[in-house]
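There are 2 protein chains.
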Amino acid sequence: MQDYIINLSQRDIPNAWYNVVADLPGSLPPPRNPANGEPLDPSALSRIFPQKLIEQEMCMDRWVDIPSEVLETYMLWRPSPLVRAKALEEYLGTPARIYFKNEAVSPAGSHKPNTAVAQAYYNKLAGVERLATETGAGQWGSALSFACSKFGLKCKVYMVRVSYDQKPYRRILMKTWGADIVASPSCDTNAGRAILANDPTCSGSLGIAISEAVEDAATHDHTNYSLGSVLNHVLLHQTVIGLETKKQLALADEKLPDVIIGCAGGGSNLAGLIFPFVPDKRKNEKMRLLGVEPSACPSLTRGPYRYDFGDTACTTPLLAMHTLGHNFMPSPIHAGGLRYHGMAPLVSYLRHIGMLEAKAYQQKEVFDAAVMFARTQGIVPAPETAHAIKAVIDEALRCKQTGKEEVILFNFSGHGHFDMGSYEKYFEGNLTDYDLPQEVLERALAQLPDMPAPAK
Amino acid sequence: MQDYIINLSQRDIPNAWYNVVADLPGSLPPPRNPANGEPLDPSALSRIFPQKLIEQEMCMDRWVDIPSEVLETYMLWRPSPLVRAKALEEYLGTPARIYFKNEAVSPAGSHKPNTAVAQAYYNKLAGVERLATETGAGQWGSALSFACSKFGLKCKVYMVRVSYDQKPYRRILMKTWGADIVASPSCDTNAGRAILANDPTCSGSLGIAISEAVEDAATHDHTNYSLGSVLNHVLLHQTVIGLETKKQLALADEKLPDVIIGCAGGGSNLAGLIFPFVPDKRKNEKMRLLGVEPSACPSLTRGPYRYDFGDTACTTPLLAMHTLGHNFMPSPIHAGGLRYHGMAPLVSYLRHIGMLEAKAYQQKEVFDAAVMFARTQGIVPAPETAHAIKAVIDEALRCKQTGKEEVILFNFSGHGHFDMGSYEKYFEGNLTDYDLPQEVLERALAQLPDMPAPAK
Numbered sequence: 001m002q003d004y005i006i007n008l009s010q011r012d013i014p015n016a017w018y019n020v021v022a023d024l025p026g027s028l029p030p031p032r033n034p035a036n037g038e039p040l041d042p043s044a045l046s047r048i049f050p051q052k053l054i055e056q057e058m059c060m061d062r063w064v065d066i067p068s069e070v071l072e073t074y075m076l077w078r079p080s081p082l083v084r085a086k087a088l089e090e091y092l093g094t095p096a097r098i099y100f101k102n103e104a105v106s107p108a109g110s111h112k113p114n115t116a117v118a119q120a121y122y123n124k125l126a127g128v129e130r131l132a133t134e135t136g137a138g139q140w141g142s143a144l145s146f147a148c149s150k151f152g153l154k155c156k157v158y159m160v161r162v163s164y165d166q167k168p169y170r171r172i173l174m175k176t177w178g179a180d181i182v183a184s185p186s187c188d189t190n191a192g193r194a195i196l197a198n199d200p201t202c203s204g205s206l207g208i209a210i211s212e213a214v215e216d217a218a219t220h221d222h223t224n225y226s227l228g229s230v231l232n233h234v235l236l237h238q239t240v241i242g243l244e245t246k247k248q249l250a251l252a253d254e255k256l257p258d259v260i261i262g263c264a265g266g267g268s269n270l271a272g273l274i275f276p277f278v279p280d281k282r283k284n285e286k287m288r289l290l291g292v293e294p295s296a297c298p299s300l301t302r303g304p305y306r307y308d309f310g311d312t313a314c315t316t317p318l319l320a321m322h323t324l325g326h327n328f329m330p331s332p333i334h335a336g337g338l339r340y341h342g343m344a345p346l347v348s349y350l351r352h353i354g355m356l357e358a359k360a361y362q363q364k365e366v367f368d369a370a371v372m373f374a375r376t377q378g379i380v381p382a383p384e385t386a387h388a389i390k391a392v393i394d395e396a397l398r399c400k401q402t403g404k405e406e407v408i409l410f411n412f413s414g415h416g417h418f419d420m421g422s423y424e425k426y427f428e429g430n431l432t433d434y435d436l437p438q439e440v441l442e443r444a445l446a447q448l449p450d451m452p453a454p455a456k
Numbered sequence: 457m458q459d460y461i462i463n464l465s466q467r468d469i470p471n472a473w474y475n476v477v478a479d480l481p482g483s484l485p486p487p488r489n490p491a492n493g494e495p496l497d498p499s500a501l502s503r504i505f506p507q508k509l510i511e512q513e514m515c516m517d518r519w520v521d522i523p524s525e526v527l528e529t530y531m532l533w534r535p536s537p538l539v540r541a542k543a544l545e546e547y548l549g550t551p552a553r554i555y556f557k558n559e560a561v562s563p564a565g566s567h568k569p570n571t572a573v574a575q576a577y578y579n580k581l582a583g584v585e586r587l588a589t590e591t592g593a594g595q596w597g598s599a600l601s602f603a604c605s606k607f608g609l610k611c612k613v614y615m616v617r618v619s620y621d622q623k624p625y626r627r628i629l630m631k632t633w634g635a636d637i638v639a640s641p642s643c644d645t646n647a648g649r650a651i652l653a654n655d656p657t658c659s660g661s662l663g664i665a666i667s668e669a670v671e672d673a674a675t676h677d678h679t680n681y682s683l684g685s686v687l688n689h690v691l692l693h694q695t696v697i698g699l700e701t702k703k704q705l706a707l708a709d710e711k712l713p714d715v716i717i718g719c720a721g722g723g724s725n726l727a728g729l730i731f732p733f734v735p736d737k738r739k740n741e742k743m744r745l746l747g748v749e750p751s752a753c754p755s756l757t758r759g760p761y762r763y764d765f766g767d768t769a770c771t772t773p774l775l776a777m778h779t780l781g782h783n784f785m786p787s788p789i790h791a792g793g794l795r796y797h798g799m800a801p802l803v804s805y806l807r808h809i810g811m812l813e814a815k816a817y818q819q820k821e822v823f824d825a826a827v828m829f830a831r832t833q834g835i836v837p838a839p840e841t842a843h844a845i846k847a848v849i850d851e852a853l854r855c856k857q858t859g860k861e862e863v864i865l866f867n868f869s870g871h872g873h874f875d876m877g878s879y880e881k882y883f884e885g886n887l888t889d890y891d892l893p894q895e896v897l898e899r900a901l902a903q904l905p906d907m908p909a910p911a912k
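These protein sequence lines map, in sequence, to chains A and B. Residue numbers for the first sequence follow the numbering used here, beginning at 1 and rising by one. Residue numbers for the second sequence follow the numbering used here, beginning at 457 and rising by one.
Check each hint, because a few of them may be wrong.
Pairs of lysine-lysine residues, derived as BS3-like cross-links and limited to a Cα-Cα distance of at most 25 Å, are as follows [as the list claims (entries may be wrong)]:
no. : chain 1 : residue 1 : chain 2 : residue 2
1   : A       : Lys364    : B       : Lys631
2   : B       : Lys737    : B       : Lys631
3   : B       : Lys742    : B       : Lys856
4   : B       : Lys881    : A       : Lys175
5   : A       : Lys247    : A       : Lys86
6   : B       : Lys610    : A       : Lys425
7   : B       : Lys580    : A       : Lys86
8   : A       : Lys175    : B       : Lys820
9   : A       : Lys246    : A       : Lys281
10  : A       : Lys286    : A       : Lys364
11  : A       : Lys86     : B       : Lys610
12  : B       : Lys860    : B       : Lys702
13  : A       : Lys404    : A       : Lys255
14  : B       : Lys631    : B       : Lys739
15  : A       : Lys425    : B       : Lys580
16  : B       : Lys542    : A       : Lys175
17  : B       : Lys542    : B       : Lys580
18  : A       : Lys154    : B       : Lys631
19  : A       : Lys86     : B       : Lys631
20  : B       : Lys815    : A       : Lys154
21  : B       : Lys542    : A       : Lys124
What follows is a list of derived Cβ distance ranges for each label pair [to be verified]:
no. : chain 1 : residue 1 : chain 2 : residue 2 : range
22  : B       : Glu710    : A       : Pro39     : 36 to 42 Å
23  : A       : Asn190    : B       : Gly885    : 30 to 36 Å
24  : B       : Asn740    : A       : Lys154    : 46 to 52 Å
Everything labelled a hint here was simulated from the structure, so no lab data went into it. Every residue gets a Cβ at the ideal spot worked out from N, C-alpha and C, and that includes glycine.
Kindly produce the complete structure, drawing on both the sequences and the hints.
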């Protein structure tokens, strides 16, 4: 009997993160200072980030050693299993072989602790006592709460209002790890108060919550900011996912995947899986990398590649990325972790140079896919992860039509145990699909800063 | 670096369940017919169970082959990891080495699918189309819903009212796997209607829910009953837990445990872990087996060993067990899975002959232990599992005092992702400890059937 679950020994946890910057075909456009348009002086980040993370943000080396304290904490759950989705294959009747990297086995239930642990460690090392952050679906807030509990740091989480209301149990999970949580926009920051003054019932967005957490860090002693996605150092930490996966595919005597799929909000789980495969993709044009996003927040499929702010209050440096505009307010879809106006610069760059495909889905078809997965493989996916699953099913059905025995790999970025309220709405028939009319998108894009788009 | 997570290959999933009956020092008292007190004619069970499960209930063979269809489904998540709780050890400063078998990795989040999958399979094989069952905390109902979705059976779950109200997301989880759920006592059965007539706000109990599910099975075509604990065949299916653990301890070059711990409601997760160690216990008197229960429902520590009904409506055969009386109504503690008046006959027998120790805890100290575990090992335990953890911590602290390097093994029977409402009450200071006054217990015991207690 062949193993469907491919486990590694803990000695096989990578001892270095992989930095894709070293293997890009061109140069990543640098972050820029919004005041003068010049490439950002890294020291500008030192008010909210520790030096080590700033170095990683700018790093050009291919490999970055993982500190032993981080490895020791990874060992609470890593390596995560690579799983052959045999039951789903059989249900679909596809000749494709489907594999998923199960990042849901982490204490917080997603891939997010891979970077949360590293960030908590480097901040602790720098003498920081408290971290402030934002969270959308709650996966990132949970991860940082867990990581802070491991390194003895205080943790303040600004949770996007719509998720705060939809997912009360996420809040209590964070509290179980000792964090302090508030709904965003909140009255705890100037950014939050200004938005509430205009719109007291604002359902919030990741962009707003980022503004609040950055302000909190900049205005509190011994407090830094921590971001769960988008930035280079965050994506770097996530590459343990793809590095382990390559070892596991080899262990299963499997060829390199024909298509690699991840959902994409800020881009970190997609990046974590695909970046270690970028050198393979450069050797083999036919290998496909695919990012999946909600139709309601389609930065990769409908957003231009432009310099834009990472947050709503325009406090971050300008980043070259696929963006819907920093004031874009996504509809309240249940995949809260995908409600971000922009996309990680590294992921955006891969898309910009044509190495990354992208696809957008409506949430009802995404929940159809989630329930099919739960009833075949057993595990209940997070709504974010279900976007990837929808694309996987479409690819597997394409293989069924063509008869091709392709290998489809995807990142099972998180479980849906804290998303049952969304499933309830789905079963009650109360889930809404949201269109994004072109004129709404163009209004949001009209507010983009006047900064030349980087050339290809 | 030593591995803290000990994984087996899927080829190491046991291909036979272990039947402890073959290795008991005496004979297990048989179930009896309440009408005449005679040992039960197995055919009396055929109205609600398939023949294969009745055979397993009465089986004397040491090993029972696991069908390949069951193994194939086990492979969705098994073997479960054995984990060295190094972070908890370090936090406690104990010389003990603590291991836990992580059964929370199953799709339903607990050990329960081990038997749910087997039961669904044998019922499907017998041409049954629908299963009825009860659930306390919701773990068993989730497991059977999942198993029925895998084998194409309909599933009706009678969920104890107090859990139904406390854990709305458990219901939706079951619905995700396609089950039909109702709060018990319900209006769907005579048993439920009779109880509601007396007490319209009755918070329910496992005993009542069992009565309803048994009646449902007996009065519907092509419908069988399925029980999540207590019976011999259920405990048999759970022995994959201990069998895998023995292989994993050997792989870690670890000695046999000094003490093996599990929480005990009906007794199935405790049994699954400890039964395969019973032959070792018989060779080595010093090895300790420990069942942990809530002070509010202390069948092992305060209930006599007597013949009693398995349910409240007195519809089951009489079982020899530690019991608080079939009419005992436990206080509404948050460990809903431990709110059962009796205890599995096999577990009760081990207790009766002195092979099993037992300990009871109040729920506040149990949640203290749960939060300590979450903040060290990361994983958030179910309230039931937290009972075992409280005992583990006490044993580890005893080792700290004595300086003994003992090996402590426990069953991490389930995660707490659907118990966040209980954690919220704990953090708010709204968790109540419940005493069980001796006179209340004696009133419940006065209703025990007049059946001689089996001799030792």
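Taking the hints in turn, this is what the structure says about them:
no., hint, in the structure
1, Lys364/A x Lys631/B, "holds, 17 Å"
2, Lys737/B x Lys631/B, "violated, 42 Å"
3, Lys742/B x Lys856/B, "holds, 19 Å"
4, Lys881/B x Lys175/A, "holds, 12 Å"
5, Lys247/A x Lys86/A, "holds, 20 Å"
6, Lys610/B x Lys425/A, "holds, 22 Å"
7, Lys580/B x Lys86/A, "holds, 21 Å"
8, Lys175/A x Lys820/B, "holds, 17 Å"
9, Lys246/A x Lys281/A, "holds, 13 Å"
10, Lys286/A x Lys364/A, "violated, 31 Å"
11, Lys86/A x Lys610/B, "holds, 23 Å"
12, Lys860/B x Lys702/B, "holds, 22 Å"
13, Lys404/A x Lys255/A, "holds, 14 Å"
14, Lys631/B x Lys739/B, "violated, 47 Å"
15, Lys425/A x Lys580/B, "violated, 31 Å"
16, Lys542/B x Lys175/A, "holds, 23 Å"
17, Lys542/B x Lys580/B, "violated, 43 Å"
18, Lys154/A x Lys631/B, "violated, 38 Å"
19, Lys86/A x Lys631/B, "holds, 23 Å"
20, Lys815/B x Lys154/A, "violated, 36 Å"
21, Lys542/B x Lys124/A, "holds, 21 Å"
22, Glu710/B x Pro39/A: 36 to 42 Å, "violated, 55 Å"
23, Asn190/A x Gly885/B: 30 to 36 Å, "holds, 33 Å"
24, Asn740/B x Lys154/A: 46 to 52 Å, "holds, 48 Å"
In terms of the numbered hints stated before, the structure departs from hints 2, 10, 14, 15, 17, 18, 20 and 22, listed from lowest to highest.
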